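K.L.:
Top line first, the protein sequences correspond to chains A and B. Per this note's numbering, the very first residue in the first sequence carries number 23; after that it's consecutive. Per this note's numbering, the very first residue in the second sequence carries number 7; after that it's consecutive.
Hints are computed from structural coordinates only; laboratory data are not their basis. Note that the coordinates shown come from a computational prediction; the quantities given were computed from them, not determined experimentally. Do not take every clue at face value.
Claimed, not checked - To give a feel for the contact side, a few chain B residues facing chain A, derived at Cβ under 10 Å:
(1) D98
(2) F338
(3) E356
(4) A363
(5) K366
(6) V368
(7) Y370
(8) V373
(9) E374
(10) A398
To be verified - Ranges between beta-carbon positions, derived for each pair:
(11) A/Y162 - B/L297: 48 to 58 Å
(12) B/T364 - A/K58: 18 to 28 Å
(13) A/H60 - B/T364: 13 to 23 Å
(14) B/H294 - A/Y159: 45 to 55 Å
(15) B/H376 - A/E160: 30 to 40 Å
(16) B/W347 - A/E32: 38 to 48 Å
(17) A/K58 - B/D333: 23 to 33 Å
(18) B/D333 - A/H173: 44 to 54 Å
Quick reminder that beta carbons are idealized off the backbone N, C-alpha and C, glycines included.
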Amino acid sequence: MRRLDYELIERLVPDGASVLDLGCGDGELLAELIQKKHVRGSGVEISQEAVQACVAKGLSVFHGDLDEGLADYADGSFDIVILSFSLQQLRRPRMVVREMARVGRLAIVSFPNFAQYAIRWEMLVRGRMPVSKELPYEWYDTPNIHLCTVHDFRDLCRDEGLRIERELYLRSFDRPAPGLRRPNLTARIAIFVVTRPA
Amino acid sequence: MTTDEKASTKEIGDIATVVGGDTGSAGVVRTRHVTVAEPPHRLRLECGDELGPITLAYETYGTLSEQRDNAILVCHALSGDAHVAGFHRKGDERAGWWDMLIGPGKALDTDKYFVICANVLGGCNGSTGPSSVDPATGRPHGTTLSMITIADMVDAQALLLDHLGIAKLLGVIGGSMGGMQVLQWTVSHPERVHVAVPMACAARQPTQAIAFNEVGRQAIMADPHWHGGDYYGKKRPTNGLAVARMVGHITYLSDEAMQEKFGRRLRDIHEYSFSFSADFEVESYLRHQGLSFTDRFDANSYLYITRAIDYFDITKGGRSLADALRDVQARFLVMGFSSDWLHPPYQLKEIANALRATHKHVSYYEVESHYGHDAFLLEREKMEGVIAAFLASGARTFTFSGGER
Chain A
23 MRRLDYELIE RLVPDGASVL DLGCGDGELL AELIQKKHVR GSGVEISQEA VQACVAKGLS
83 VFHGDLDEGL ADYADGSFDI VILSFSLQQL RRPRMVVREM ARVGRLAIVS FPNFAQYAIR
143 WEMLVRGRMP VSKELPYEWY DTPNIHLCTV HDFRDLCRDE GLRIERELYL RSFDRPAPGL
203 RRPNLTARIA IFVVTRPA
Chain B
7 MTTDEKASTK EIGDIATVVG GDTGSAGVVR TRHVTVAEPP HRLRLECGDE LGPITLAYET
67 YGTLSEQRDN AILVCHALSG DAHVAGFHRK GDERAGWWDM LIGPGKALDT DKYFVICANV
127 LGGCNGSTGP SSVDPATGRP HGTTLSMITI ADMVDAQALL LDHLGIAKLL GVIGGSMGGM
187 QVLQWTVSHP ERVHVAVPMA CAARQPTQAI AFNEVGRQAI MADPHWHGGD YYGKKRPTNG
247 LAVARMVGHI TYLSDEAMQE KFGRRLRDIH EYSFSFSADF EVESYLRHQG LSFTDRFDAN
307 SYLYITRAID YFDITKGGRS LADALRDVQA RFLVMGFSSD WLHPPYQLKE IANALRATHK
367 HVSYYEVESH YGHDAFLLER EKMEGVIAAF LASGARTFTF SGGER
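The shape of chain A in the complex, shown without the other chains (with noise of 0.2 Å):
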């Protein structure tokens, strides 16, 4: 599947910059961005299994959790930090989101909306937890503990005191949302681009 979210991610990074992938999984965005967009990168996963991917792909990773926060790195010593699809997984996410601002210029924060209608559908109508492909895990067995939804996200970056650079929307991993309207219906994939006033 060609992940349209790591495309819209792509073009928000500039050619050169230095990233650092918060939860970077099996490194395949970064190593994208490596390729295509000439970026130092470097990673942060909690997986074994997903480190050792990484390291075979010839790219930077610590192994670490993220909800440790981020005290090794320094202040704006990434142009861009990236968390795709991890805070939701999170159990400090507003911590993390604050420490994402500190050591960024720029924060993107990518995740799955969880006021989407077919996800209120389920509430509503069918009375169950929602599970789809954005969210494919049971109640039981989700890593994702911690969902919101876009007007969520909004107000945690004014309590933050962030200011929010861009919003872009997609309908689902693969289907883009070209002038998508009331997103917090409409969108399956919410991706927010953040910054810390100075």
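On the provided structure of chain A, position chain B as indicated by the hints.
P.N.:
Only chain B this time, still in chain A's reference frame:
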């Protein structure tokens, strides 16, 4: 050597290539010796003295490629030696000390790589050390041998590489004191290392570890048979060395591992003996570890090598760690072990963070283990995949010049 064993060892020049043996085993190997720093040359030591000629005991596994671009140096820890993999004789019960990672199809795949391991300068397993004979006097050096440092060990290994015709290593890897040598390699000879894997070590010997080493040294020097290090040909300070090893051994385990392995179990008795004999399993184990160590290790070498470890500080002269590592060219995989309290993971992370801060190519990997410091000698399954992947990516990017392909 039997005819069989001869047939399984074919020699190309000075390099022994091992074939046959069990699948996955490096097979039968033998330790070789080379003399370096021969007149008129001598090795300039960090302490300012000069030393030469120097004998180095080493073993090799696999075949050096025609391009000489597949050599991996393994650096051993305090009590290790050159025998890192395979067997010395068919039917040997014990394989080399890191056999779990080295051999055909293993993490350090001897079908792909040419693996080298040498006994360190100052050691007692074939390389020049306090127990070897000083050619000037015809007697063992004892404590007249100049102080050896980690940098001196590395410089001696560099002379071995010159002898083997290896201009640049594909990789250098090791744990504990071996990890310190790995770091020193990338600093002393940055142009000669493509990838580096330091494990279970620190950029500078930490205070607590110096303290434990000092207890060990005091135990040796307090032994009435030590005689200022001049005991060769006489009764050796085995009791002191055994106690030193016991202390050391405790630092290599963990609370959890000891609890699990021994608990408070009694040794061959059901009741306390109400004496000072080894009632507890753990006492008996440590006594055995201590005593059996004295059969294979020289007390003076223990003094010299622990001193070298204590002096190790890559930031010597008040530099920051990032500054000290500024000129390294190697790509790094830094490995820590969760329950290692001799070199806890934060000491490895410190190295990785300093490398990242100076924009070096570095990855950090933490092995979840309850084995303590010794985990790097035990956790094969948790280590082999990432090491193999890192070496393979190193082989893909290897060039003889500094830049990456």
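K.L.:
Does each hint fit the structure? Answer for all of them.
P.N.:
Status of the hints after comparison with the structure:
Residue-level restraint check for B/D98 is violated (minimum Cβ-Cβ distance to chain A is 32 Å; threshold 10 Å). For B/F338, the interface hint holds, since its Cβ comes within 10 Å of a Cβ in chain A; the closest pair sits about 9 Å apart. Restraint check, B/E356 versus chain A: the minimum CB separation of about 9 Å is within 10 Å; hint holds. For B/A363, the interface hint holds, since its Cβ comes within 10 Å of a Cβ in chain A; the closest pair sits about 7 Å apart.
Below 10 Å, beta-carbon pairs count as interface contacts, and B/K366 has one with chain A at about 9 Å; its hint therefore holds. The closest approach between the C-beta of B/V368 and any C-beta of chain A is roughly 6 Å, which is under the 10 Å cut-off, so the hint is satisfied. A distance limit of 10 Å between C-beta atoms decides the matter here; for B/Y370 the minimum to chain A is near 5 Å, and the interface restraint holds. This hint holds: B/V373 has a C-beta 8 Å from the nearest C-beta of chain A, less than the 10 Å allowed.
With a cut of 10 Å, the hint placing B/E374 at the interface with chain A holds, because the nearest CB-to-CB distance is about 7 Å. Among the interface hints, the one on B/A398 holds; its C-beta lies about 7 Å from the nearest C-beta in chain A, closer than the 10 Å criterion. In this structure, A/Y162 and B/L297 meet the distance hint of 48 to 58 Å, their C-beta atoms being roughly 55 Å apart. The beta-carbon spacing between B/T364 and A/K58, approximately 26 Å, falls within the hinted interval of 18 to 28 Å.
A C-beta distance of roughly 20 Å is found between A/H60 and B/T364, which places it inside the suggested range of 13 to 23 Å. Hint check: B/H294 to A/Y159, Cβ distance near 51 Å, so the stated range 45 to 55 Å holds. The hinted range of 30 to 40 Å is satisfied by B/H376 and A/E160, whose Cβ atoms lie roughly 32 Å apart. A beta carbon spacing of about 43 Å between B/W347 and A/E32 agrees with the range 38 to 48 Å that was offered as a hint.
Taken as a hint, the range 23 to 33 Å holds for the pair A/K58 and B/D333, whose Cβ atoms sit roughly 31 Å apart. At about 51 Å, the beta-carbon gap between B/D333 and A/H173 stays in the expected band of 44 to 54 Å.
The structure shown violates just one earlier hint, number 1.
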